[in-house]
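Here is how the chains run, residue by residue.
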Amino acid sequence: MAAPISIRLEGSVLWIGFNRLERYNAYNLAMRDALYEAFGLAAEHPDVGAVIVYGEGDHYSVGADLTEFGTAPSQQVARRVRFARDVWGRVLDCPRPIIAALHGYCLGSGLELALLCDQRIAADDAVLGLPEINLGMIPAAGGTQSAPRVAGLGHASALLLTGERISAGEAMRHRLVEEVVPRAQLRLRAGEIAEHCARLAPDAALATRDALRRGLDLPLAAGLALERRLARRVWE
Amino acid sequence: MTEPAARIERGVLYITLPGTPLDSVLATALHRLFPGPDDLSAASVILLDAPPHGEFAGLGAATADALPPGLRDGGPDGAVARCIEALASLESITIASLSGDARGCGAELALACDLRVAARTARLGFPHVAYGRVPAAGATQRLPRLMGPGPAFRALVLGEEIDGDEMVRLGLAVRATPTAQAAAEEAKALAGRLGDQSATALRACKEAINVGVDLSLRDGLRLEADLAVLLQTTHDRAEGLRAFLEKRPPRFTGE
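From first to last, the protein sequence lines stand for chains A and B. Position 189 of the first sequence, counted from 1, bears residue number 188 in numbering that gives the first Met the number 0, the numbering being contiguous throughout. Position 217 of the second sequence, counted from 1, bears residue number 216 in numbering that gives the first Met the number 0, the numbering being contiguous throughout.
Hints were generated in silico from the structure; no laboratory data involved. One or more hints might be untrue.
What the hints assert, rightly or not - So, partial list: chain B residues that the calculated Cβ filter (under 8 Å) puts toward chain A:
1) E84
2) E90
3) P126
4) V133
5) T139
6) Q140
7) R144
8) A207
9) A227
10) V228
11) T233
12) D235
What the hints assert, rightly or not - Quick list of the computed label-pair ranges, beta carbon to beta carbon:
13) A/A224 - B/D213: 15 to 23 Å
14) B/E84 - A/L215: 24 to 32 Å
15) A/G10 - B/P177: 15 to 23 Å
16) B/I7 - A/Q184: 32 to 40 Å
17) B/E8 - A/S73: 35 to 43 Å
18) B/L229 - A/A29: 55 to 63 Å
In this text, all values refer to a predicted model and were calculated from it rather than measured experimentally. We put the CB at the ideal spot given by N, CA and C, even for glycine.
Assemble the whole structure, with the sequences as input and the hints as a guide.
In structure tokens form, the structure reads like this:
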């Protein structure tokens, strides 16, 4: 069986690609384990300056592989494994900037992973959606938390509660992605941004990202104190 | 018609407002129509609309020495604030159909809903400050969370009104339609679609979103994971999966 993700280091950029072409890069257990390892590598390998998450083939990812649903022996086990192999936590903890490059179908947990990244670049053929509600479920890879933080409560409520798909242009207008480029230029553009990130002074870039991200969860006065604390480390 | 009218159809509670300003009398009547917290058969979706060729709930006529009716009763301890807080606390998914304008207390009512559909010409306005008052039914907290603090300042402090297209751009409305009639129809269609979804999943999704925004990201992720695992035990989720794999529409029961 082919590896569920492809992974390669180009210069200082680590490219992590979903690679289950026969299933439109549906996210399954093997892929979860491979991503868990890959983001461990991204955090620890000294040559990695930035990370790109993308999809091999015609689509980024259609989300969870539903044929594996219900295969966990019990809800208790499912919950324990969710936190033992916490890919999403690893993405959030990754000390390098992460760029998501989106094209084709970008649905469910695939899109949720992108919403936890620092930047989202979409090709003009991208179709985004969190369709879980149509299946009697809710997102389980952070979507109910990341979407409001990225796009605001208004746009996020529409995406999550209606389960409707939107185009790349709409996604940009709704603040879910930061940039839309022609399909042929997606990897080039994602690579440019990642290389730019990799050239930055790492402690300054990380402190800035941490202040942005963690500050969102704090009252303004506490966020300003956090900024001063993080800045002091870099300035001294 | 001066009273709100209500009917339930396929899991959706349709409440039609009279199109008059939201004052204490209307707020009290509206409040009575909301399902109570113990009403397990409550509608999973609630649509608030008004007759399509008038206002949703506007200001009404101002006189020289009194506030207009759509602002007059909007203080922090009145029936309007209680009604709007009750609406915001419902477990049902709530939708406002803005075929016409919503101003003052009416605009705060629309903001307390989860989703809005608007006619392109419909306007949302908060003239409180122009009348020397402060919004007291949630607008200063809900508006920046919905669309960010910069645009919220313009709407709440400068009193700039927001039309349907702008509502879509800012994330306040799911869709803007060319006509008032189309907004009413679009909102009904959306309510119907949501009414066919799993009531349990909708409730959990609303809880994850609205409770989660007040938590740290980490705590929010745990809340979502717990709700998602809880939902793995429902008939609706099994039906949703089965229907997807059999390529047919699901038939949810809320169990």
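Verification of the supplied hints:
Interface hint status for B/E84: violated, as the beta-carbon distance to the closest one in chain A is roughly 17 Å, over 8 Å. Here the hint on B/E90 is broken, as its CB sits about 13 Å from the closest CB of chain A, past 8 Å. A hinted interface residue such as B/P126 counts as satisfied when its beta carbon comes closer than 8 Å to some beta carbon of chain A; here the least separation is about 21 Å, so the hint is violated. For B/V133, the interface hint is violated, since its Cβ never comes within 8 Å of a Cβ in chain A; the closest pair sits about 20 Å apart.
Residue-level restraint check for B/T139 is violated (minimum Cβ-Cβ distance to chain A is 14 Å; threshold 8 Å). With its C-beta approaching chain A no nearer than about 11 Å, B/Q140 sits outside the 8 Å limit, and its interface hint is violated. Interface hint status for B/R144: upheld, as the beta-carbon distance to the closest one in chain A is roughly 5 Å, under 8 Å. At a threshold of 8 Å, the smallest CB-CB gap from B/A207 to chain A is about 4 Å, leaving the interface hint in force.
Here the hint on B/A227 is kept, as its CB sits about 4 Å from the closest CB of chain A, short of 8 Å. For B/V228, the shortest C-beta to C-beta distance to chain A is roughly 5 Å, which falls under 8 Å, so the interface hint holds. At its closest, the beta carbon of B/T233 sits 7 Å from a beta carbon of chain A; the interface hint therefore holds under the 8 Å criterion. The beta carbon of B/D235 comes within 4 Å of a beta carbon in chain A, closer than 8 Å, and the hint placing it at the interface holds.
Taking 15 to 23 Å as the suggested C-beta distance range, the pair A/A224 and B/D213 conforms, at roughly 20 Å. In this structure, B/E84 and A/L215 meet the distance hint of 24 to 32 Å, their C-beta atoms being roughly 25 Å apart. A hinted range of 15 to 23 Å for the beta carbons of A/G10 and B/P177 is inconsistent with their spacing of about 51 Å. For B/I7 paired with A/Q184, a C-beta distance near 52 Å fails the hint of 32 to 40 Å.
Restraint check, B/E8 to A/S73: a C-beta distance of roughly 39 Å satisfies the suggested window 35 to 43 Å. Between B/L229 and A/A29 the beta carbon distance is about 26 Å. The supplied range of 55 to 63 Å is therefore violated.
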